[in-house]
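Residue numbers (my numbering), protein chains in the order written: chain P, 1 to 41; chain Z, 1 to 96; chain E, 1 to 497.
You may find that some hints are simply not true.
Below are the EDC-like pairs computed for lysine to aspartate or glutamate, each with C-alpha atoms no more than 16 Å apart in a straight line [to be verified]:
no., chain 1, residue 1, chain 2, residue 2
1, E, Lys292, E, Glu226
2, P, Lys6, Z, Asp11
3, Z, Lys92, Z, Glu26
4, Z, Lys59, P, Glu35
5, E, Lys423, Z, Glu26
6, P, Lys3, Z, Asp11
7, E, Lys175, E, Glu42
8, Z, Lys92, Z, Glu57
9, E, Lys422, Z, Glu75
A few chain E positions that, by computed beta-carbon distances, are all more than 10 Å from chain Z [stated by the list, open to error]:
no., residue
10, Tyr32
11, Ile76
12, Asp144
13, Glu221
14, Gly240
15, Ile353
16, Ser356
17, Ser399
18, Lys405
19, Arg408
20, Val415
21, Lys422
22, Ser427
23, Gly461
24, Leu474
If you're looking for bench data, these hints aren't it; they were derived computationally from the structure.
Don't be surprised by glycine CBs; every beta carbon is placed ideally from N, CA and C.
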Amino acid sequence: MLKGKKVIVFGERDDISGETTGRCLQAAGAEIIYESTACFV
Amino acid sequence: MKNLAEKYGTDNLIIVLGINQLSTIEIMTQTFKSGDPSYAGPLAGVTLGLDSYHILELKEHIPTDVWKQEMGMYELEIEEEVQESILKTMKKARQG
Amino acid sequence: MKNDLTRLPIIKNCAYCLSHVPGLMPYGSKPYREISHNAAIEAELNAHLRSYEEAVCYPPNQTFIGNYSPDDLAAIPRPWFGKSIDFAQASAIKKGKFGEILNQETFFALLKLADVLSPPLFSTDKATLQKLHQCLVDHPLLNDFARKLTVLPADLEEPLAEKTSPLSLPLRVGKDVYGTFSGDLRSEGRDDENLVARYLLENLCAKASGSLAVKWLLHREGIGPEQIDFLISCGEEACGDRYQRGGGGMAKSIGEMCGCINASGMDIKNFCAAPASALVTASALVQAGVFKQIVVVGGGSLAKLGMKFQAFLDHKMQILDDCLASIAFLVTQNDGASPVIRLEDGAIGKVPIGASTSDESVFRHYLLKPLAALGLQCTDVDRYALELQNPEIMEFAGSGDVAKKNYRKIAAMAVMAKQLDKKDMNSWIDQVGMPGFAPTQGHIPSAVPYIGHAMEDMRRGKINRAMFLSRASLFLNRCTNLLDGVSFILERNPNLK
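Input sequences plus hints: build the corresponding full structure.
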């Protein structure tokens, strides 16, 4: 389902970071076109 | 967001969230689907029609070893009721 | 040297202060930007401010200055805000075990004192200067500062500004204008975007609030400032001009203001983990015999004042992030009584550059590894301090209870390391955790607010070991995607009876 999809990732430092999310999606064949991790503190 | 949608087209484009706050993910999901619900900001009145997912919803699509390494601890640390609420909130917000 | 705790450096004393400055909230980063887009917001913001007495009586603030323990706070039912207060009581509890909650007028006196430029950045008139002078005279800890605040520069002629412009910011207490804060308008500063009023105000607020904390630290320790030989500042301000935006010098600025004539100093920058990094560095310097009495000081963040104001307005509440916080610690050689910093090989937690930034990786490195280096498991630590932001501020802002989330992380790591059963996660968190109680002032809430309480708990024999874990969002510098994690363990001095 994720293979070949283009993905925009929004993460949060004290929840789940954008980087971690992005790595999972890339492993599933998705292409990350935007990634950010917010720091709400 | 608008620029990215224009550049890449919306056909094959999805949003994935690693944010666990229900109110935040609700607003974000609705905004990317049918426009900013507060009618303010650059996506006010703009219908992008993009679907958002929470990373926790995508477990079965991620290779098992990668999931275990990257997400194993998050599955433990996020309370089960919170995980259920996240999944419910995302499904509902996608329906618009 | 392993396990010879009597030779390790100690945290000998601490101070925690809050400066209640609602009049400066329009100059916090978020309020300033929002007001620039929509001027009407300023009136709305001003209609939702707390009084000084309300800020004093607010339980998390009382916990920060040491009148309540974190366990006392946990026993007070939420919501903590909006409870009816006794104005007389406020007067009795504005000073705490670890420091005080300073009112705005006296803070402005400190700010005026912190301004060393000629012509001054903080311009005021004769009558106001008298008022500020009197504030210092009346304050038992600050009256030695009073004599420095008597003379008004001869060239002050202009009336005080009423309206905010990028060039001049009115400094108000309620509706009264106490002065005007300008940028560096001399020829060497005029075209420099780093020397505008707001940035210089931010820096002087850090200096003034940091100096308040150092005054308290010296007072609590009963030593003169001349006995300090080094200061390390750990705030997040950037001091410098166009050629060196983040050059530093805050530690020595604070040291100078407090009379630490024999000390030198430096600034440590590590985002929110800077206090932890500074304490580790101070300990190492003491351990190596380079210096003997080091002050670690963190001034407050004007930029973060009112960061969550919008959420409070949306809920028609008073704005709770209305205080600058400041902290100071004294690090010295072992005195046979104070808590010891575990400096043995591997005991200071770090997150290497090559490590993944997933939670599992970060916590494995700065939670499990340092404990393992000491032959310990997660369950050998009595209390943990991670991010201690006040949940009332964080929850209204939509971030949830950040303190609780972080406790869930260490519990999850302990389970993954097979040091804790999954079913015991919540009860373990209740045992080792605590509610957040620090204002959202960046580096301030990151683990170190518990140090004072830990020292008290160790003194009373309630706990033996506390672990402090601090994370820094280095990716905010736009130069990297990295996080940092710094951790250290404090242990009850074995020679303490």
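List in ascending order the numbers of the hints, as given earlier, that are violated by the structure.
-> Hints 4, 5, 16, 17, 18, 19, 20, 21 not satisfied by this model.
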